[in-house]
Every structure is written in C-alpha cells, then in structure tokens.
Amino acid sequence: MIKQKVTIINDAGLHARPAAALVKTAGRFKCDFYIHMYGYKVNGKSILGVMTLAAEKGAELELELDGTDEKEAAEVIVDLIESGFGEEYEGQDE
Amino acid sequence: MEKNMKDRMNNEISLSGSPGSPGITIGKASLYRREDMAVSSGEIKDGEVGDQIGKFDKARKRSLTGLQELLEDQEDETVIELINTQIEMINDPDLCKRVETEIREHHQPADSAIHTVFGEYLDILKQNQDDLLDRSIDITDIRDRLIQFVNYHLPQAEVEQNTILVAKELSPREVIEFSEANIKGIIMGRGGQTSHAAIIARSMNIPAAVGLKNADLISDGNEVALDGNTGKVIVNPRQSTRQKYEKLIEQQLKQQAEIEAFCAEPNETSDGHSFTLRANIEFAEELDSVQKCRAEGIGLLRTESIYLQREHFGNLRMQETFYKAILEGTKPHPVTIRLFDAGGDKFFEMSQKEQNPFLGWRGVRMLLDEKELLKNQLKAILKTANCFPGRLRILVPMISTLEEVLEVKELMADARNELKEDGITVDEQPPFGVMVEVPSVALQAKTFAEHTDFLSIGTNDLTQYVLAVDRGNELISDLYDQRHPAVWKLLKQVTDAARGKNVPLSVCGELASDPVSACCLMGMGISELSMGTSALPAVKRMLRVHSLKEMQQLSRKVLESEIMDDINRIFREWTQKN
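Protein sequence lines, in the order shown, are assigned to chains A and B. Counting from 1, one number per residue, gives the positions in the first sequence under our numbering. Counting from 1, one number per residue, gives the positions in the second sequence under our numbering.
Only chain B is shown next, with the shape it has when bound in the complex:
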C-alpha cells in the first residue's frame, strides 16, 4: 500500500496551462504561499489614536522606501511603471484620509483600519470588474504590505535559489523580488498571459507557465520541467522526458548564446568594411527584439496597423503616441517611417472592386486622393520629428512618377504651415525618401535621386512588377524569385544612380534578409540593409565572415548570370565554400 502511494507520487504528471513567458527549464519546485494576514480586533482608546495614526504613517513611509529601493536596480520600463503605480497607491490621498477617519472616528487599530478601507475598495472592484481580468492582486498586495509593516511582521519572501517557483498567484512586486533569488522559472495557478506577473516575467526573461489549474498537484521539492513557450509543465519527469527537455534547453541555450555573441560584434566585414543593419517593424512590442539583435534603428516602420485597426483614423494624437514610443525605444538610432502603404479597399468602402489591385489605387496614389488622411499623418510625423531632432526619416510608398514626389512635398509644406497656424513650429526637416519598388522609378533612379534625400529599395514589389508575377498565384509562383538576374541588373542600375548623385541607398525588402543575397548587395555597394529582427543575426554572421573583396566578386558573377540556374549555382558554391 505504502509502496503504491509512493509510486503514484513519483509518477510523471503532465499539466497544461497558458504560456506566460518563453523559455524552457528543469528544476526543483519551490512552493510559495502568502501568509494569511492577521489583524487585531477590538477598539482602541482615545489616547491611542495618535499612536495608531503614527503607526500607519510609518508603515506607509517604510513601504515607500522599500519600493524606491526596488526601483533603483530596475532598467525595464514595464517593471518601473508597475512599481511607480504601487508608489502612487501608497500616496493615494483618499486612502490616507479614509484610514485616518477609521482610526479617529471608529477607534480601529491601524491594521484593522487598513483592512477595512481596502475591503471597501475591493468590494467595489469586485462588482465592477470582469472576473477574467482580475486586477485585485495589485491592490491586495499593497494592503498586505502596509499591514505587515504596521505589525512589524515582515515575512521574508524567501525561496531557495535556482528553483522553480510554484504559487497560486504572484504580485508583480513578488516576481521582481523573487527574481533576485535567481529563480529558474515560475508556475502560477491563476492568471493569464496579460496578468502583470506574466508581463514582468517576460521582461525579466524568466520562463513561466500561468493559469495552471492543477498547480496544487505539485509538491515542494518535486522535480519539474517547465516549457514557457507552450505553458506545459511535467512533474516528476521520466528519464526519457527529462532527456528530451535537457536537449531542448541545450539547443535553446546554444542558439541564444550564439545569437547574442554574434549580435554584440561590430558590423564589419572580415576585412574591416562597415555595414549597417536595421530592423523592419510594425509594432512597439517588437522593440525588445530590436534591441536584442542590436539593430541600428528602424529601416522600415510600417504604419498601416494604426489605421487599419481604428474606426476613427483621424486621431493625430494616437499616431503621435505610437511614433514617439518607437523613437523613444530606439535611441540614439534613426527611424524611417513609411507612410500608409495599403490598397484603398483597406481604408474605404469601395463601390467597385479593382480588377488588378496591385496595379491599382494604393500607396501614394490613394494618399494623394485622400489629402486629409495624408496631411494628418504628415503632421503627426513632423510633430514627432521635432521631439527627436536628426533621427526621423519619411519614406513614401508606391511612387511611380516624379509628379507624385513633388505633390507629397508640397503637402508636407502645407502640413507644416497648418501646424504653425495652430501654434506648433516644426524646425526639423526630416529627410524625405521614396521607395524604389515600381520599375519606372528604378529606371529613372537618377532623376528621383535629384529630388529626394534617400532611396529605399523594396524588393518584394519590385520583383513582382519586373517579372510580372503575382506571388500569391500558385500557378506561377515558382516564377517569383527576388534573386532573378533581371532584378539584380536593375538593382545595380539604381545603386550606380544613387552613388552618382551621392544619395544614401538602402534595401528594406526580403532580399536583404537572405544572407547570401545580403553579401551580394554589399558587394554591389549597398551597405545599409533593413530586415525582420529574426533574420538579422544570420545576415550579420554571413557578412562578418567574408571580405568585401569576396562579396564584390560574388556580385560580379551574379550580374553576369542570365538564368536562375546560374544564380542558384553561384549561391550554392558560396555556401559550400564556407
């Protein structure tokens, strides 16, 4: 019987929750249970009122000192904000007044006065909030903290070093404090991906699984394998399971170490020529990975999402907030903002469906017909540029004629004047560039270079227009290859034109995220590339291990090629050589 029990206790159990914070880890479980708050009962005497109010004040001051100390070591913005919110709660004038009233008028001791007042807040919250988004932990955490300080009873939030913390629920502050004990992971019985504890775990890179309903099946000291990517938890893993997870961890560590080491190296070819790698992004949430891969700013900030997802897209303030967040998060590097680049049908109810949307009303063509929309975006960009001198660039999509360039420039002057009339003077003159993605622009690159401050090649659309292939059409999609000889020849022409006019040129299309193609572009003379952050480390590695001379040879060969087979062979040789 006893043996049976023991067997069962050692059986492998698989539990599933939600992914809270990515990463895989194995370790010993360490259970954490918050202590129940004991508060005094009974009434105090008149003479004790001052004393009890003093106790409350002291508790507030101590909590504040503790939070401020915690704040000192933090760099992560999310963490700082949450701690600041807690500070704000302790400084709440309403709270102080109400607790004092409880003590003075109802003769309650400080701890029970705090409990009563917080109870009132929590009652209202309970009635108002959606059960799925329980935010009461932010409030109970402060309550318990204050009561503990009043009673001089501070349970040390202690946990064994290097263990996996298992708790029913954690407050953000607890996650931060436990992280100082080097915990390996977090398993939480409650909460979801958007709970504050999960947000903090993510920003501190602690793997976490949350919302594990059966978390209480885990006992103190149990061995646990935790996969924060999937929310899966294995208790008492079998030998084979353990090995599987160990392998996953090894892979993960190796990859991370490699990537981090590589990204920290300077952007230089093996013979010391420098290049610039920037990121293509769309959301502020991507800034973390931008920093991790050490991209030197944003080469392409897509702005469609701000509009497509909002009904009232005239909201200038909202755009500005978004742009500012991106510039704030990428200091001191430049950010290139691309104007709205989508088909008209994404923005407006169109009575007639376009037969050929890719050759239709999109990008700048649509913007020039919807001048208010365009001017609003330009205003938001100009206002942002003013706050971040020398860091912002404007990129216009889907340009096919010079007239369009001149017209957008005129509208930019109008936007500037209108801002001035509203009392906002914008001194910044952000560089103005166009996308080279329509063959007419590539062929007239010299002319466009004369009228712009920079050019950025969008190889995705350029390829589709040069080869007349809709990549979405399965019947012909094998004809679509951005490395086609004709595309390379056109790129060469644009490069020469830009160099002749001394205008900066970059590539922000998919071609730049292919490591061998990136070498070829560099060999051709384009040293500024922008790509998705996940592609950046591999591109960087390829550029770093080769010399500029080798890359120049590569691009010469590529430019001499006539058919895709040639290109494939050259690329194969290049990768095999290394």
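This is chain A alone, in the form it adopts within the complex:
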C-alpha cells in the first residue's frame, strides 16, 4: 500500500471538471484508491465522493493506493494533481 501527500494548486480547486479528470484517470487502474482530507475518507474513483471534499487551492490530500499497479497509479495521479489539471493559473483570467 502506498500513502502519499499532495497539494491542490489550481485556482478553482477540486471542482467538477478536475474531479472528473481525477476519477477518469484513477479508473484506468486496478488498485483501490482512497483520498483522505481533514478526517474525511472518500473513494477516489467516485466523482461524487471527490466533489464532496470541495478541496480548494492549497488543500492537502493524502492519497491511499492499494493493489498491483499502485506505484504506477500513484505517479500518474500525483502528476495530474500537481499539473493543476491543466487548468488556468493564478490571475490568468485577468
């Protein structure tokens, strides 16, 4: 099992679109995937679960992955979150 911490960096936080991207990516892997945040634990393959976290910019998540492809999954998922889901950066819409 892998546990890894990661911080949300995109301005709008983990709202609908990034949540969809996250769930879609996680769905490609066989391993179980859970997200812990401020005492909540949600299934990382459930978009409704992920959305309810309402993780904002700066929020720290702990990812928990368990299964044969956990290493690969962790890498791809952390990359996605740290790239800000390809969303706009601070001040870009000014």
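Any given hint could be a false lead.
As the list claims (entries may be wrong) - Each computed DSSO-like pair below joins lysine-lysine, with the alpha-carbon atoms no more than 30 Å apart:
#1 K41(A) x K61(B)
#2 K57(A) x K126(B)
#3 K5(A) x K126(B)
#4 K41(A) x K97(B)
#5 K58(B) x K5(A)
#6 K371(B) x K324(B)
#7 K30(A) x K61(B)
#8 K24(A) x K45(B)
#9 K71(A) x K324(B)
#10 K213(B) x K247(B)
#11 K24(A) x K324(B)
#12 K57(A) x K168(B)
#13 K24(A) x K126(B)
#14 K383(B) x K5(A)
#15 K71(A) x K383(B)
#16 K30(A) x K58(B)
#17 K28(B) x K45(B)
#18 K30(A) x K57(A)
#19 K244(B) x K232(B)
#20 K292(B) x K371(B)
#21 K24(A) x K331(B)
#22 K126(B) x K3(A)
#23 K5(A) x K24(A)
#24 K375(B) x K57(A)
#25 K213(B) x K57(A)
#26 K97(B) x K24(A)
#27 K58(B) x K24(A)
#28 K57(A) x K24(A)
#29 K61(B) x K24(A)
#30 K324(B) x K57(A)
#31 K71(A) x K97(B)
Stated by the list, open to error - Here's a subset of chain B near chain A, in silico, CB distances under 7 Å, partners left out:
#32 D94
#33 L95
#34 I124
#35 L125
#36 N128
#37 M318
#38 L402
The hints are simulated quantities; they were obtained by calculation from the structure and are not laboratory data. Quantities reported herein were computed from a predicted structural model and do not represent experimental measurements. For each residue, glycine too, the CB sits at the ideal point set by N, CA and C.
Since chain A is already given, all that's left is putting chain B on it; use the hints.
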C-alpha cells in the same frame, strides 16, 4: 388604491447584479421555477426490491441517453466537459452501490433511496465548501433528474421562445436546454461570474446578469432590459430608457455584424494579393476571440505570465499544459512562442536595482545567465512541438549579438539531448527565429537572417531604442512615435535583408495594429502581421479595400519623408481619400 398599486407595478425598477455574460438585450421576462421533488415515503416489501433496483437502473440509463443526445449537438469545449462530468456522476460506482444498498437493506423505494444517498453527499459538501463557491447545483441537478426519471415525471423545461429567462438558479444543463428555445438572455438570482451557468452562457453567447439579489421583484411577462456587460437589469423600462437600450443594441449588432462579415472575407488586397494576420496573445482565455476574428494562428505567444505568477517556476508540466492548450485551440495554424521576455527583477530578488532596466538584464541576456530556467522552457516547447508537427515556432527576445543566437541554439541542442536521455525523442525541428528589436540586429539583419529561420520585428522596443525615448517618461513621451521616419528606414533595411536571404519576416509590434501603418508595411513587402485581436478587424478592412500598388506608393512616400509632420500629412491624406 388599485390604480396606485398598478402604477407601482409598472414603475421602472433598476436592479444590479454581476456581469455573467456580455451582450445587451430587451425582452419579456419568463420566470422559471424548478419543481419541488416529491419522493415516496414508506418501506417496500421484500418482493419489490428487484423491481425498485430495476427502476433505478432504468432511470440511470435514460438520464445517460438524454445527456448523450444533448452532447451530440455541442461544439463548445466547456459545454462538452460539463456534460461529460454529469455523465461521470451518473456512472459513479459508489453512487450505484449505495443506492442499491438503501433499497436492498433499508427497504426504501428507488426515489427516496436516491434522495437519501445524495443527501449524504450534499451534507458532506456543505460542511467542506466555502459558501461563496456553491457547487451543489451540479449535484442536485443530477439527483432531481434521476428522481424524475424514476417517477416517469419529466417536467418539460419549457420556456416561451425569445424571452429573457429569470431564475433563482440554473444548472449548466438547464442553460444548455433553454438555449435551444432561443432565449434572449438570462437573469439569475444567485451565482457569480465563475458559476457554471455563467460560463456556459458566455460560451453560448447568451447575455446574462447573475447574482441579482432582487431578481424576485421581476414578474412573469414584465418587460426587462438586460445589460450583461455590467450586470444591470431594468424592469419596466420607461420609454426613454427603452430607447437608450435599443440604441445600444443596434450599435452592438451593427458592430458585430460588420466585424464578423469582414473577418470572414479572405485576406486579400483589392487587387488580389494575399496577406497573413495573426494574433498576439498571452492567455488561453483569448483563444475564443482569436477564432472570432479569424486570425491565422498566433504570431506572438507571450509566456511571462506562466512564470511570473508561480512560485515554483521549474514546473515543466505546467508550461507544457499551457502550450498544448494554445496549439490545440488554434488548429491548423502556426503558433510562435516567445521565450520569457522580462526584466530579471521580475524573476529574481535582485540585490541591486538597475539604473537603466531597459538597457539591462532582460530577455535573452537574463535567460543565458539562468540556463536551467531557459532549458526547462525549451524542453517544454520541444515536447509540445513534437505533438503538433510543423506548427510551432520559437522566438527569442532581446537579442543584440550573434553570439547570443548561437548560444541559445546550443542550449536547445542540449535540451533535446537531455530529453532523449529521459527517453523522450523529439524529432520536430521547430523553426528558430529572433526578435528584431535592438538596433544592432536591425543593422546586421543580413547576418542574423543567415543564422535563423525567421525574423519578427518588435516595433515597440525598436522605436524606443532607435529614438532613445522612454515612452513611460511623460516629459518626452511625445517624442515616441513608432511611425517615425527613422523607424521606417530601418524597417526597410530589415525587409530587404530578409528578402535577400529568403527568410520569412513578420511584424508583431504595435505598428502592425495601426491600419494605415499596416498598409505601409504591406507596401514595403511585409505581408505577415501580428496584433491584438481587437485591432485585427480594422487592419483587415484597411488592407482589403486598397490595392498593393496603392500601398507601395504609400510606403515610397513614407520612406521619402524626413519629419513626423510629413508622416502625419501622408497618413491624413490616405484616410481622407477613403
């Protein structure tokens, strides 16, 4: 008494909200209220479990079919993404499992099971989210949809054609559905500029005012004037107010129609010589207007913002995402990416303030001292280039010596090799060009043309260096004019040099966005111009109504001029003639 009431009801009321989506419109208000969801109560019997689970499955399938049908007619990426998110929610494995558990173990009928499970999600969301950014509508919309399908009760989201829709709140799906009824505008009691409904309204070009706290003062059938640019709404407008808005609408329509019609015409002079107009941009949000004015790609993509606004600017991934979004949104045209072009003080804490920053540590000078920064950017660009063969060009700012060009080229080879070591082979050889903005480069244009694939003239800085005028200094700013005779003479020299070496030349400075100057540049032989999207239609119009021959005459006259008065006179004559 009754008359009084009636008078009051017909009084003009001015309401203000936030701008949701630009545009002005007048129309009849059409109130929309979502129906309250009625769910069944009581427990089901053991024998009904399968039946209820079947109902839930069917409702899911129907919702999916509906969303997929909605998806078919969409072209806008934002809209497509939002619909896809809703599809993802309906397919949520967790949701299905929990609803089934409710039905099977707690003997709840399907509709109330859905209500319970969504209620749990919403409760958590409520505790976690910031009240200002209420995203619960995305979730309640799906809940209500599923319940409606379970109960076979589908209230038609009906609204009278060509009216202004007034609602407390709308889900993105509702905005999309209502847009099919040709609604003229949207007034929403809640939400802000970043609410999904506003985003969709913008991408569908429906004027909208959002966050109007007093939206409930509007009655069904009221006449309403809506200004989506300011968020202002006038209920029961007086004759004079109405006229004012009608005039604004007329102007807006005329402008839009003119611009759109013009932009759709081919890029050709009146005697059939073609030219190329591209856009200068900095943000992905500008891609919409790039498409609207039909710019043929990006002549100058500024990249400073990605760095200046981030603390950790080593993030290669983030740069790549940005570049890819731009190339994706401008298919099939080329995109010229300019390397970071800013003073060193923007990037680093500098212990010593430069006395003369414009003659100082900036552009390529700074990049060559900060090789990791430069190599990272080159890597991100090369990786992007590989995904979009033949479409990306690299432009280096603030070059003043040939050595700098050679050094950047060497670093590009290094970046390529390092990528290869990491297992990423880049076959693309993006054209490599330099900005002509320092007089030394303009004077040695022939030499620089021999070592580069293209040249791009930045007239803003070139003018300031040629005339030795800081345009920001009010005492002398009237000395700054990009149309100065000396600037034209230098441009002519660069043009001849580029032509002699058969190297493509473009202008991406402000000079290109002045319609008469654009004609003069074209007459001189520079047929590729890049400018801000708002300037493009006027430039295009001027170039289209004149012949190349006229423009050549214009440039000859301009090149013969000696003082600014000459230039002003020539330009005045040119505009008066038409």
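Consistency of the hints with the structure:
{"no.": "1", "hint": "K41(A) x K61(B)", "verdict": "holds, 29 Å"}
{"no.": "2", "hint": "K57(A) x K126(B)", "verdict": "holds, 17 Å"}
{"no.": "3", "hint": "K5(A) x K126(B)", "verdict": "holds, 24 Å"}
{"no.": "4", "hint": "K41(A) x K97(B)", "verdict": "holds, 17 Å"}
{"no.": "5", "hint": "K58(B) x K5(A)", "verdict": "violated, 39 Å"}
{"no.": "6", "hint": "K371(B) x K324(B)", "verdict": "holds, 23 Å"}
{"no.": "7", "hint": "K30(A) x K61(B)", "verdict": "holds, 25 Å"}
{"no.": "8", "hint": "K24(A) x K45(B)", "verdict": "violated, 37 Å"}
{"no.": "9", "hint": "K71(A) x K324(B)", "verdict": "holds, 27 Å"}
{"no.": "10", "hint": "K213(B) x K247(B)", "verdict": "holds, 27 Å"}
{"no.": "11", "hint": "K24(A) x K324(B)", "verdict": "holds, 20 Å"}
{"no.": "12", "hint": "K57(A) x K168(B)", "verdict": "holds, 28 Å"}
{"no.": "13", "hint": "K24(A) x K126(B)", "verdict": "holds, 24 Å"}
{"no.": "14", "hint": "K383(B) x K5(A)", "verdict": "holds, 28 Å"}
{"no.": "15", "hint": "K71(A) x K383(B)", "verdict": "holds, 25 Å"}
{"no.": "16", "hint": "K30(A) x K58(B)", "verdict": "holds, 27 Å"}
{"no.": "17", "hint": "K28(B) x K45(B)", "verdict": "violated, 50 Å"}
{"no.": "18", "hint": "K30(A) x K57(A)", "verdict": "holds, 28 Å"}
{"no.": "19", "hint": "K244(B) x K232(B)", "verdict": "holds, 14 Å"}
{"no.": "20", "hint": "K292(B) x K371(B)", "verdict": "violated, 38 Å"}
{"no.": "21", "hint": "K24(A) x K331(B)", "verdict": "holds, 26 Å"}
{"no.": "22", "hint": "K126(B) x K3(A)", "verdict": "holds, 27 Å"}
{"no.": "23", "hint": "K5(A) x K24(A)", "verdict": "holds, 20 Å"}
{"no.": "24", "hint": "K375(B) x K57(A)", "verdict": "holds, 29 Å"}
{"no.": "25", "hint": "K213(B) x K57(A)", "verdict": "holds, 28 Å"}
{"no.": "26", "hint": "K97(B) x K24(A)", "verdict": "holds, 18 Å"}
{"no.": "27", "hint": "K58(B) x K24(A)", "verdict": "holds, 23 Å"}
{"no.": "28", "hint": "K57(A) x K24(A)", "verdict": "holds, 21 Å"}
{"no.": "29", "hint": "K61(B) x K24(A)", "verdict": "holds, 19 Å"}
{"no.": "30", "hint": "K324(B) x K57(A)", "verdict": "holds, 23 Å"}
{"no.": "31", "hint": "K71(A) x K97(B)", "verdict": "holds, 27 Å"}
{"no.": "32", "hint": "D94", "verdict": "holds, 3 Å"}
{"no.": "33", "hint": "L95", "verdict": "holds, 6 Å"}
{"no.": "34", "hint": "I124", "verdict": "holds, 4 Å"}
{"no.": "35", "hint": "L125", "verdict": "holds, 4 Å"}
{"no.": "36", "hint": "N128", "verdict": "holds, 4 Å"}
{"no.": "37", "hint": "M318", "verdict": "holds, 6 Å"}
{"no.": "38", "hint": "L402", "verdict": "violated, 35 Å"}
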